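Heads up, the sequence shown is in our numbering, so the first residue is 16 and it goes up one at a time.
Just so you know, these hints were derived from the structure itself, not from any lab.
All figures in this text were calculated on a predicted structure; none of them were measured in a lab.
Mixed in with the good hints there might be a few duds.
Claimed, not checked - Okay, derived cross-link-like pairs now, SDA-like style, lysine to any residue, Cα gap no bigger than 25 Å in a straight line: (1) Lys108 x Ser225; (2) Lys108 x Arg137; (3) Lys238 x Ser225; (4) Lys28 x Thr114; (5) Lys100 x Glu86; (6) Lys100 x Thr30; (7) Lys23 x Lys35; (8) Lys100 x Asn63; (9) Lys108 x Val121; (10) Lys170 x Tyr189; (11) Lys239 x Glu227; (12) Lys35 x Asp205; (13) Lys87 x Arg54; (14) Lys28 x Val206; (15) Lys28 x Lys108; (16) Lys87 x Phe159; (17) Lys28 x Ala184; (18) Lys49 x Pro143; (19) Lys87 x Gly130; (20) Lys23 x Tyr36; (21) Lys28 x Met16; (22) Lys108 x Trp127; (23) Lys194 x Lys239; (24) Lys131 x Glu150; (25) Lys34 x Glu235; (26) Lys49 x Pro141; (27) Lys100 x Asp29; (28) Lys194 x Arg210; (29) Lys28 x Phe105; (30) Lys194 x Gly215; (31) Lys131 x Gly82; (32) Lys23 x Gly82; (33) Lys238 x Asn195; (34) Lys35 x Leu231; (35) Lys194 x Tyr236; (36) Lys194 x Gly175; (37) Lys238 x Asp29; (38) Lys28 x Ser225.
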Amino acid sequence: MIAVTRLKEKAGKDTELCKKYGHECRAVSPMEAKIYTERVLDFAARVNRNEFDCIFFTSALPAQSIGPLLEKWPRVIAIGPQTAKTLNNFGIKCETLPTFYSRDFVPYLGEWIYGKNIGIPRAEVPNPGLISAIEDNGGIAHEFSIYSLEPTDEKLQLGGCDVILFTSANSFTYSVWDKNQNIIPAAIGDVTAQRMIESGVRPLVTGDGSLEGTLLALNEYLKKK
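Take these sequences, add in the hints, and give me the full structure.
Rendered as structure tokens:
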């Protein structure tokens, strides 16, 4: 049994995907999202007024909140297939980054980014690296914090679980759990893994930034045990 740290809004098809790789899973939520409705409406209005040359959706939650409000859109980039699927459900055609990391957004756009206004609706979590990369390459970043991530401060229900899979750095930081219990700590990607290591927890499994990639890495780890 895998405990997957997820916002309730992002649980999606975790059960189906875990089953595909031979596992059962349980969503555990160390944090919850607080949507800033006025900022969502403001961002959508700006898109509909053609104020951006490109929109970068860094997760499915902003896509879910903003997608229904868009009447038109510029070039749209999704960080992964789940975010792209959410946008497609609203009839919004988009491109998908070849990796699951926002650090690859600017290299993906290349020289095209120069002079372009980039709209980024995202969580109220600083990402100075992304903004600096856009500006250093001549782009103009318009970051909109449309939701915050609030810790629930509730102890995670890990009874019967063999693995705890952290899906983001913040989901690790906000988790309340017994770090000494006999459970395999897994990180969805290297950013999350680094946060874990800095806090004294060494992930035994690190994925490629996606749940599917982490499940593949987990199965490889279990084969070697």
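Comparing the hints with the structure gives:
1. Annotation: proposed proximity of Lys108 to Ser225 holds, straight-line Cα distance about 21 Å (limit 25 Å).
2. Among the hinted pairs, Lys108 with Arg137 is consistent with the structure: their alpha-carbon atoms are about 19 Å apart, no more than 25 Å.
3. In summary, the hint linking Lys238 to Ser225 is supported, as the alpha carbons are separated by about 20 Å, within the 25 Å threshold.
4. For the given pair, Lys28 sits about 20 Å from Thr114 by alpha-carbon distance, which is consistent with the 25 Å threshold.
5. Note on Lys100 and Glu86: the hinted pairing holds, with a Cα-Cα distance of about 18 Å set against a maximum of 25 Å.
6. Of the pairs offered as hints, the one joining Lys100 and Thr30 holds, with about 17 Å between alpha carbons and a cut-off of 25 Å not exceeded.
7. Restraint check for Lys23 and Lys35: satisfied, since their Cα atoms lie roughly 21 Å apart, inside the 25 Å limit.
8. With a C-alpha separation of about 21 Å, the suggested pair Lys100 and Asn63 falls inside the 25 Å cut-off, and the hint holds.
9. At roughly 20 Å between alpha-carbon atoms, Lys108 and Val121 fall within 25 Å of each other, so this suggested pair holds.
10. A hinted pair counts as satisfied when its Cα atoms are at most 25 Å apart, and Lys170 with Tyr189 qualifies at roughly 10 Å.
11. A distance of roughly 19 Å separates the Cα atoms of Lys239 and Glu227; the hinted pair therefore holds under the 25 Å criterion.
12. Using a Cα cut-off of 25 Å, the hinted pair Lys35 and Asp205 holds, with the two alpha carbons roughly 24 Å apart.
13. For the suggested pair Lys87 and Arg54, the alpha carbons sit about 18 Å apart, so the restraint of at most 25 Å is met.
14. Simply put, Lys28 and Val206 have alpha-carbon atoms about 23 Å apart, close enough for the 25 Å limit, and the pair holds.
15. Pair hint Lys28 plus Lys108 holds up; C-alpha atoms about 22 Å apart against a cutoff of 25 Å.
16. Restraint check: the Cα-Cα separation between Lys87 and Phe159 comes to about 18 Å, which is no more than 25 Å; the hinted pair holds.
17. Restraint check for Lys28 and Ala184: satisfied, since their Cα atoms lie roughly 21 Å apart, inside the 25 Å limit.
18. Under the criterion of a C-alpha separation no larger than 25 Å, the hint pairing Lys49 with Pro143 is consistent with the structure, at around 22 Å.
19. Between Lys87 and Gly130, the direct Cα distance comes to roughly 21 Å. Compliance with the 25 Å bound is thereby established for this hinted pair.
20. Between the alpha carbons of Lys23 and Tyr36 the distance comes to roughly 22 Å, so the proposed pair stays at or under 25 Å and holds.
21. Taking the CA atoms of Lys28 and Met16, the gap is about 16 Å. The hint holds against a cut of 25 Å.
22. Only pairs whose Cα atoms come within 25 Å are accepted, and Lys108 paired with Trp127 is accepted, the gap being roughly 19 Å.
23. The hinted pair formed by Lys194 and Lys239 meets the criterion: a straight-line CA distance of about 23 Å does not exceed 25 Å.
24. With a C-alpha separation of about 10 Å, the suggested pair Lys131 and Glu150 falls inside the 25 Å cut-off, and the hint holds.
25. Of the supplied pair hints, the one linking Lys34 and Glu235 holds, its CA atoms being roughly 16 Å apart against a limit of 25 Å.
26. A C-alpha spacing of about 16 Å is found between Lys49 and Pro141, which places the hinted pair at or below 25 Å, so the restraint holds.
27. The suggested pairing of Lys100 with Asp29 holds, with an alpha-carbon distance near 15 Å, which does not exceed 25 Å.
28. Pair hint Lys194 plus Arg210 holds up; C-alpha atoms about 14 Å apart against a cutoff of 25 Å.
29. Straight-line distance between C-alpha atoms of Lys28 and Phe105 comes to about 18 Å, which keeps the hinted pair within the 25 Å bound.
30. For the suggested pair Lys194 and Gly215, the alpha carbons sit about 9 Å apart, so the restraint of at most 25 Å is met.
31. Restraint check for Lys131 and Gly82: the C-alpha separation of about 21 Å stays at or below 25 Å, so the hint holds.
32. About 19 Å separates the Cα atoms of Lys23 and Gly82, which keeps this hinted pair within 25 Å; it holds.
33. Between the alpha carbons of Lys238 and Asn195 the distance comes to roughly 23 Å, so the proposed pair stays at or under 25 Å and holds.
34. In summary, the hint linking Lys35 to Leu231 is supported, as the alpha carbons are separated by about 10 Å, within the 25 Å threshold.
35. Straight-line distance between C-alpha atoms of Lys194 and Tyr236 comes to about 20 Å, which keeps the hinted pair within the 25 Å bound.
36. A distance of roughly 15 Å separates the Cα atoms of Lys194 and Gly175; the hinted pair therefore holds under the 25 Å criterion.
37. Our distance criterion of 25 Å between C-alpha atoms is met by Lys238 and Asp29, whose separation comes to about 22 Å.
38. A threshold of 25 Å between alpha carbons decides the hint, and for Lys28 with Ser225 the separation of about 13 Å falls inside it, so the pair holds.
In this structure, none of the earlier numbered hints is contradicted; all agree with it.
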